[in-house]
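Enquirer: Single-letter residue listing:
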Amino acid sequence: MRDWTLKREWIYGWLLLLPAMVFLFAFTHVPAVTTLINSFFSTPRGRRPAKFLGLANYDRMLNDPVFWKVLWNNLWFALGTIPVSIGLAILMALWVNEKLAGRGFVRMAYFTPTVLPLIAVANIWLFFYTPGFGLFDQLFGALFGTAHTNWLGNQATALNAVMVVTIWKEAGFFMIFYLAALQAIPVSLKEAAEIEGAGRWTVFWKITFPLLMPTTLFVSVNAVINSFRLVDHIFILTDGGPDNASSLLLFYIYETAFRYWETGYAATLTVALLVLLSALAIGQFFFFDRKVHYK
Amino acid sequence: MSRPAFSLDRILNTSAAWALGLLWILPLAYAVWTAIHPAAFEARFVLTAPLTLENFVKAWQAAPFARYFLNTFLLVTMILACQFFLGTLAAYAFARFRFPGRSVLFALVLLQLLVMPDILIVENYKTMRMLDLVDTIPAIALPYIASGFGIFLLRQTFMTVPKELDEAARVEGASFMGILWKVYIPLAKPTYLAYGLVSVSHHWNNFLWPLIVTNSVETRPVTVGLSIFSAIDSGIEWSVINAATLMTSGPLLIAFLLFQRQFVQSFMRAGIK
Amino acid sequence: MLKSTLLKAVAATALSFSTWASAQAVDLQFYFPVAVGGKAAETIQGLTDAYAKAHPDVNIDAVYAGSYQDTVAKAITASRGGNPPQLSVILSTDMFTLIDEDLIIPFDDYLTSDEDKKWIAGFYPAFMENSQTGGKTYGIPFQRSTPVLYWNKEAFKEAGLDPEKAPATWDEMVEYGKKLVKKDASGNVTQWGVRIPSSGFPYWLFQGLAIENGVTLANAEGNKTNFDDPKVVEALQYLVDLSTKDKVMAPGIIEWGATPKAFFEGQTAMMWTSTGNLTNVRDNAPFDFGVGMLPKKMQRGAPTGGGNFYLFKGASDEQTKAAVEFVKWITAPEQSAKWTMATGYVAPRPETWETDTMKKYAEGFPQVLVARDQLEFAKAELSTYQNQRVVKIFNDALAAAITGKETPEAALKAAQAQADAILAEYR
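Residue numbers (full-length UniProt numbering), protein chains in the order written: chain Y, 1 to 295; chain B, 1 to 273; chain L, 1 to 427.
Chain Y on its own, in the form it takes in the complex (with noise of 0.2 Å):
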């Protein structure tokens, strides 16, 4: 008896599993194992079909120029803009979460990047960065006459100008999950520790920080995946350029891919991708020293 119900719970679990892991596989794990083994070939083109080339695809990447600089790049643009967006959006959720005056136009200023397409805004910021008419010239230019700044167009500063709008648009975001855990914590708890005379900043370095230290967790794994996701803004903004100098990593293996149709080279530099991605997974599981158990 015992047997046959266990038989059946196994067949109900894998019932119920199997939709979703059929698309799981379809679309996750075999592009990804099916990536592994194009890195190995070459482009298929007309008529000549893929060949097997070995390690040479690898061989390429690491001696490719734009490679290295797409991801020192990219790993800039990570360390450049995780801390100091989800640094806002505890800031953010904490005065959103309190009785401030015009409290309901702080909270609707700090959700519309949500609600904004990427790829929409990038317009919008093109227009800003625009030296001479834009609108960050015309500003500094009437309060400080400084002359007209070319954010984009300079090697030093157009990844830095794209970090900002990736910076607006995830600490808008990560606020709400800030906010939600904000509200969650016990108005007690703070009270008390007030009332012992502990100031404000111990307060949440003391109470406030360590609870949110989930939402951390879970923000900052969205945060680093993101970082390596989000390259709408570049496709409007610099196209990657000028020479590479916005350019991640994601960017250039959608350039590869469909604008030299190079799908080989492609699925060589999605592997470092994927690579990269797992080592970073591994490290932040460390970092955070299992705080939050998965299973």
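Please note that the accuracy of each hint is not assured.
To be verified - Facing chain L, according to a computed beta carbon distance under 8 Å, are these residues of chain B, among others: (1) Ala39; (2) Ala43; (3) Arg129; (4) Val134; (5) Asp166; (6) Asn215; (7) Val217; (8) Ile228; (9) Gly235; (10) Ile236.
What the hints contain is simulated information worked out from the structure, not anything from laboratory work.
Glycine included, every Cβ here is placed at the ideal spot set by N, Cα and C.
Given the coordinates of chain Y, work out where chains B and L should sit on it, guided by the hints.
Expert: Okay, now just chains B and L, sitting in the frame of chain Y:
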């Protein structure tokens, strides 16, 4: 607790919050400004600028935004419905059933948090070509409908459902699907709402994959339509582009404004924290 | 009763006759991109409808496929999936890519009579350079453009220059530019002399400079580039100097899309951009403007740009014949004139400019003639095998020099080496 310091602190906080708020709303404010003024005032911010609705008319005539909007709506609905359906079944299996291969399969699900379909564009494009689905709305949706994130989130919620409720329903003779429907799903409502929000906002704004896999008016979502519309050789017309942006983001924007409190609360209850 | 039966019978016969007729008709599918605003898509649709009306034996299905890049992607994808269009408008520079992918066939097999040969010879030679290779014609020019120089007549007057005269030489452009630069009290520039946009596809306008300096960037076979030719280096040095030495142009990469707006806002007195912008500038410039040819160094010069008609493999003989007939019709003077007036593209055949419609149009808007007259000096747009990659390498080199990261010489040397590595297998 010195009072004056506290209120100074308060003033500082309020003004900082407002400063950041103004900065954050700047793109939206600029979109509204350009959309309701003639193109000559795109870069001139004078209060006497004449008002006009012409940009909306122009945008509406220049590209089939109604169709793009419908495509996006269909796409988002399709993705969300499938994600809920597949995610619920899978999460239920992981939360309440024991079977061989469970932890391996769960690890494979979690792997998708890392190896997102967005990264596998090249291979997924080949798959779509093989299935003869390129340039269809299902092709945009398919890679996303089994979501590792959704399954994980629902599983976490289902795990918090007290075993007693489950057993009581079983005693009353409910089938295992009946239990899912009557006990688990109602208790997980906030999770569905919160996850739905993330999913809708993500896919409403998604660009790269739809850009690759669509190439006709009948399938293009709003984001791709906007990018094509703005990427013409003859210079950027901010006023018209922004009018188009406002038209297409308007419904989502209004929904957000109306329901923001509910969203935050459902997040809180969903345990995404 | 009898009458209605009779009517039904007639209707049934008519219906079956028309189905029979359409069964005999040739089906054509044709993809087209739209790269300029305005009524381009509508005009093409209108023209194909008119053609279908006049030729009931052809069913023509015009598919708007998005940007140029979307269109080529769609055509390649559909062909690989065994469902190619019979005809498509794609960038003239994609010719080698399409040949390499084995997707297109030359027009020659369908243009055998003397009359046909005359027809081919009736296109501007500058447009044919990107359309023929190895003695075969793969592309028929259709939506083609070329860059020209626009100038603000009021700014010229203010600077004490002749408002009716554009700079004719490189040196003149610098000289004029210096007079046109305006600064505010704190020494910041409020009006630049000239603006040559360099975002996205800097190679195109730069090619104008290279041709003027008497050098072509790639050979006609599309398998060898001349990026490190001293004359190319000199042209790039001139471009870089405009910002760094002569200080008549804003430094850094200059956005293509924002250029017309900068011109309208009076932030630059001259700009280089496509003739495709003519209508836009006419409608929005709040001042009198002139249109001139690009200035010369050793000679006048400009690249061409835009799209050609291509015949795709996999069509039946009847379909291809019908497609060729359609191409002949749509490039004929009357249709071509309509197309040019609606979009600003340069009509690709001299005879179009001789029609009364075009003459009248040019009388009221003489600026349109500049692009036509410049065609005499125009050369093929940079196009090679693996075009996108080679061009990207070149663009990166230009960007590196413009942003001052590398000297023109070093940047171009490196680009040439990379291009050589890619193109070696096509020699």
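Enquirer: Give a verdict on every hint.
Expert: Going down the list of hints, with the structure as the test:
no.	hint	in the structure
1	Ala39	7 Å, holds
2	Ala43	6 Å, holds
3	Arg129	6 Å, holds
4	Val134	6 Å, holds
5	Asp166	50 Å, violated
6	Asn215	4 Å, holds
7	Val217	7 Å, holds
8	Ile228	5 Å, holds
9	Gly235	4 Å, holds
10	Ile236	4 Å, holds
Hint 5 from the list above is the single one not met by this structure.
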